[in-house]
Amino acid sequence: MPSRLPPTGVLLLALLWLSPALASTTADLDVDMNYRLDTLVEQPTSGRPGHSTADHSKFTQLQGPFADGPAVTKACLECHTEAGHQFQQNIHWTWSTVNEKTGQQLGKRHLVNNFCTNARGNEGMCAQCHAGYGWKDDNFDFTDQSKIDCVVCHDRTGTYYKTPTSGGNKACSVMFEGKQPIQWEKVAQSVGLPGRENCGGCHFYGGGGDGVKHGDLDSSLIHPDHALDVHMDEKGLGFACTECHVTTEHVWAGSRYQMDARDLLEGHKPGQARDAASCESCHSTAPHANNSIEGIKLNDHVKRVACQTCHIPEYARGGVATKVDWDWRTAGRLRDGEGYKEKGYTQGNGEHRATYKSIKGSFVYGENLQPEYGWFNGEMLYTTIDTVFDPTQAPIAINQYQGEASDPEARIWPFKPMHTVQPFDKGNNTLVYMHLWGDDADAFWGNYNFERAIARGMSDAGLPYSGEHGFVETVSYWPITHMVAPSEQALECQECHAKDGRLGALPGVYLPGRDSPKWLDLFGLALIAATLLGVLGHALIRLIARNRRAHS
Amino acid sequence: MSKRRVLIFTRFERLWHWSQMALIMTLLVTGFAVHGLHQAIGFEVAVTWHTAAALALLLLWAFATFWLFTTGTWRHFLPTQKGLWSVARYYAFGIFKGEHHPYKKLYRRKHNPLQALAYLGLKVVLFPAIWISGLLYLGYGLWGGAGSSESLMWIAVVHTAAAFAILAFVITHVYLLTTGHSFREHVMPMVNGFDEVELTPEEEAYLEHDEPGKIR
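Chain order of the listed sequences is A and B. Using the working numbering, the first residue of the first sequence is number 3, and each one after it goes up by one. Using the working numbering, the first residue of the second sequence is number 8, and each one after it goes up by one.
Incorrect hints may have been included.
[What the hints assert, rightly or not] Pulled a few chain B residues facing chain A out of the computed Cβ check, cut under 7 Å:
id : residue
1  : Gly148
2  : Ser156
3  : Leu159
4  : Thr167
5  : Phe171
6  : Ile178
7  : Tyr182
[To be verified] Okay, the calculated bits of chain A under chain B, using three or more residues with CB under 8 Å as the criterion:
id : segment
8  : 299-309
9  : 490-500
Derived from the structure by calculation, the hints contain no laboratory data. Don't be surprised by glycine CBs; every beta carbon is placed ideally from N, CA and C.
If we strip away everything but chain A, and leave its shape as in the complex, we get (with noise of 0.2 Å):
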């Protein structure tokens, strides 16, 4: 009925007046600067379900009112008692952990990386990624547990943010103002079991932007359809990352530090519960149907090839690009005495991506990216910051994965290789920690000295400096392990058994399409060619002779 609708004229001036507001919101979000500044993360995703006899809105203990994020965690820790003991064990929480068979101390308090390089001494911007309240330097307290933070994972109304736990210089700090009060109480009794958001809210934007670093993760996972991930699928399946990263005690199956390469489910029994984040957890070692040819070779390989080699043909297909190459060397020119940036990439989803950034340097972004292939045994051997490397052995691997065909446990898998230029230590020949983050003299971000961002971020973790920085070309590897596509889309054989296929010259196996000594296709060829000529020679001189017999 028309006149239950309101004049045109009326939605229109609406429109109006409500198109400044649309129009500043979308100008104040930058994809390029990090952490949650997508909208996307407003629209909750379904999470996962829970199963829950408890609403937690009907809690008294929730219903505030709350100063801040550690008075929510108190009032969570009353009634789940155990909940900040189980997850001071976690490396969320503790940011290093050591890895059992390397010995190596891994973890971001220790580790440096081919992004922005460090987060040891940058924590006042880097640990809004902590699962914490309030880490901006060494006198964070990691025994108190009100200081966890909660509802970062377990907020469901999407409305939760963390900003950078220090003031950085006027030139970062701009890109977080303006982003409304949370509202604890609302926050506090939305919780639920994490949802894709959840996690992604660092996850997908870890390296300093939406996709950066990994390839495999970024912010169309929170949406995403059933082309982009065959699990996550908001339509189908609709998996929440926790459906695979399993929990047990606040304690979750699948870090990159303590990879599982080869999954043989031992020890499992039916319907047993199992911690681990493996495609074989569910599909079993032998996930093709057994009753076809094809099956039998495909499950044959499930020995020696991942299963994300061939079933995630490409990684960052959800219109969001990932940076595959940065180069610190250019990073500080300035324009009128100010730093600034470029927007020289325009991804698939439309959104356009700074190629140039005065903090930064200049990046390569890449979309729809075959990974690289190669055995990983599940080990990677790090180079921390106390690794001596030789700068002319350049590209010097941050982390190489382990493995080998002769090895069992190694399967042929797809990484991401991330390939930066970025500053060491020319004296002592190992990687440094910049000074990036902080409103000082020494700050990068802001004075844009290497020099002095360098000098201090050593000398604030005690560590010696030679005092003289050079650039080293280093690589990353990230295994790629997400965006898992339909069956169909799964790689064809001849993608790898064919010469110029996507293994290269993966050494240590003989791949039939590929691999054959020259001599031999020589040989062969040459010997169908004189069986050939035999015959044609023998059947030509017969005809000749039969003629000749004829006209004599």
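We have chain A; now place chain B onto it with these hints.
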């Protein structure tokens, strides 16, 4: 001695020959696709058909071997030097001069000595080389072949070399059908089973009396 048309290739032998022909052609085409020599068919299709045809051929060979030994037909393939050189000489020289083929087909010896030797070589050298290497190739997962590129490569080398040799045999085999009176005359015995054979009076009498369906 008289020349008569006699059933020398039984129904099983003909079925064996033609299904073997079809399977070997399939195996050659698909095998060289797997090897990467041509891209006319996709790898997946090639592997599927190659494996299926190979298993079918092994089954056929199992039956054929059983048949050869139970019927005594294996004796046709025993190597002999008697007449070998005259047949070789014929193909090298005599054929151009319009000489007649020196070998007279016998009821107990339907192949000429050179032919018998070629078939024997195929049966005891090339075929075992290809099926033994083929089974090892197919079952690489059972003996750790995926972890050792060297051994798998040598298996593939033997397999492929045997395949090239079999292809050379096929070319020669088909070419030799064009020698003699006509291509058709050479092919028909493998179609209807009957060929002209020199019979002793005893053989002729036996066939006419006891196996009238085998003599025309």
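Structure versus earlier hints, numbers of those that do not hold, lowest first: none
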